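Since each chain sits alone in its own frame, please combine them into the complex, following the hints.
Top to bottom, those sequences are chains D and C.
In this text, residue positions in the first sequence follow our numbering: the first is 356, and each later residue adds one.
In this text, residue positions in the second sequence follow our numbering: the first is 265, and each later residue adds one.
Because the hints were derived from the structure by calculation, they are not lab data.
Small disclaimer: the values here were computed from a predicted structure and weren't measured.
Misleading hints may appear alongside valid ones.
Claimed, not checked - With the Cβ distance kept under 10 Å, some of the chain D side facing chain C (calculated, not the full set): (1) Glu-375; (2) Tyr-383; (3) Val-392; (4) Glu-398.
Backbone N, C-alpha and C define an ideal beta-carbon position, used for all residues, glycine too.
Below, each chain spelled out in residue letters.
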Amino acid sequence: MAKIYSKKSLVIKSMKPSKEIVSFLLSYSKALSVIKVEDQSFEIIAN
Amino acid sequence: MADIQLPDALLVKKYVEGDENALTVLINRHQSKIFGFIYSKISDRDISNDIFQDTFIKVIRTLKLKSYNEEGKFLPWVMRIAHNLIIDHYRKNKKMPMFRETEEFSIFSIMTDDSLTIENKIIRDQVEIDLKKLIEELPADQKEVLVMRMYQDMSFKEISEVTGVSINTALGRMRYALMNMRKVIDKHQIILTN
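Okay, chain C solo, but in the shape it has when bound (with noise of 0.2 Å):
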């Protein structure tokens, strides 16, 4: 007990000494302001923990090496570390940032809902089917490389391959498809949007 009394620059004169017990009053003495700290900025208990953690081992690494000379502010140079460690932290997760709902900050304003209505179901399901019949209208030649091109995610490559033509021919018949198809759409009027 009388060595809770004791100021830290006394603990830590003590521990480098090799008085283990004195490391143990130090960390007892200082977790709760450390730790509360660590939490107030990362909000997660296990991470805390970890911080916690990796906080103490580079003091304790420090002191081993006896490359402390801050004598009398031992606190302020543990915060200064766990400080340090948070931003590391915040560095390395920087592709998963985490929002935390304010008075100014809504977290509905970044969450949308990206599925369609049943209306926007039903228009693109109509889309579809037009989109299908214009298809159907297309000479054959041009009709079979749009679909393997559109509905088969295959390469002009590959479409050379099957259909036994060069790459520019079935580049060609997907243009003059795309170009047949524009022009029923504009005479008809046809909208396609969603």
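One chain only, chain D, in its complex shape (with noise of 0.2 Å):
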């Protein structure tokens, strides 16, 4: 069998945010809305 030699990637693809995070960041999306009045954006976040 031929060695490898290369080394081996630092990127670990099976790696994963925490749920947490995942849960946090969909909550946060469905309470946010953005309002754009001519130049400005206002962001509301709904409890």
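Written out as structure tokens, the structure is:
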């Protein structure tokens, strides 16, 4: 068998962010609404 | 399950139009790649989570603001945001750089033990004993000023107040004390080095 001399990739593809982070992002997205008025934009976060 | 087959561009469009599930699919689809990319640069799970969160907060805000116009290039766009946040993170932590041991660079080249060896400690103690003997030989007024300045860390103003002489006189006494000590050191060829 040929030896593999290349270094292992630093990117670990199976790594995932914590579930809390993903859950927070989805909740944040649902709560956030952005209203654009002329040149200005307003962000509203519903509780 | 059908949504998983949808291209990113369509999911982005659906999300912008108000379909929150589209974001869930996008995050599930790309989370490993994005998080893996961040972790490869940061090597800290908690900080990587923070950067991942900040990345998607930017993504969500930009999409909700309808400012996103790179259809078909969703992942590279998110990666670029993550990359910029990683750079920001390193800029903020410039004072505390992280060193990684590699073949060319050894961590021990910057980690040194500054504490004295036993031999150096003995020498230092001996030097201090010699120095104290020299100070004892000084005239009382010079000795008083030198001890206050060097051992009690008093300012010349404080010394002048305590001894009742002017600052200039105290400075002069200090100067003469040092000159006298140098003379004795030269005369007797005393070595006061560590």
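Checked hints:
1. Glu-375: Check passed: Cβ of Glu-375 (chain D) comes within 8 Å of chain C, closer than 10 Å.
2. Tyr-383: 7 Å, holds
3. Val-392: Violated, about 12 Å.
4. Glu-398: 7 Å, holds
Consistency with the previously given hints fails for number 3 only.
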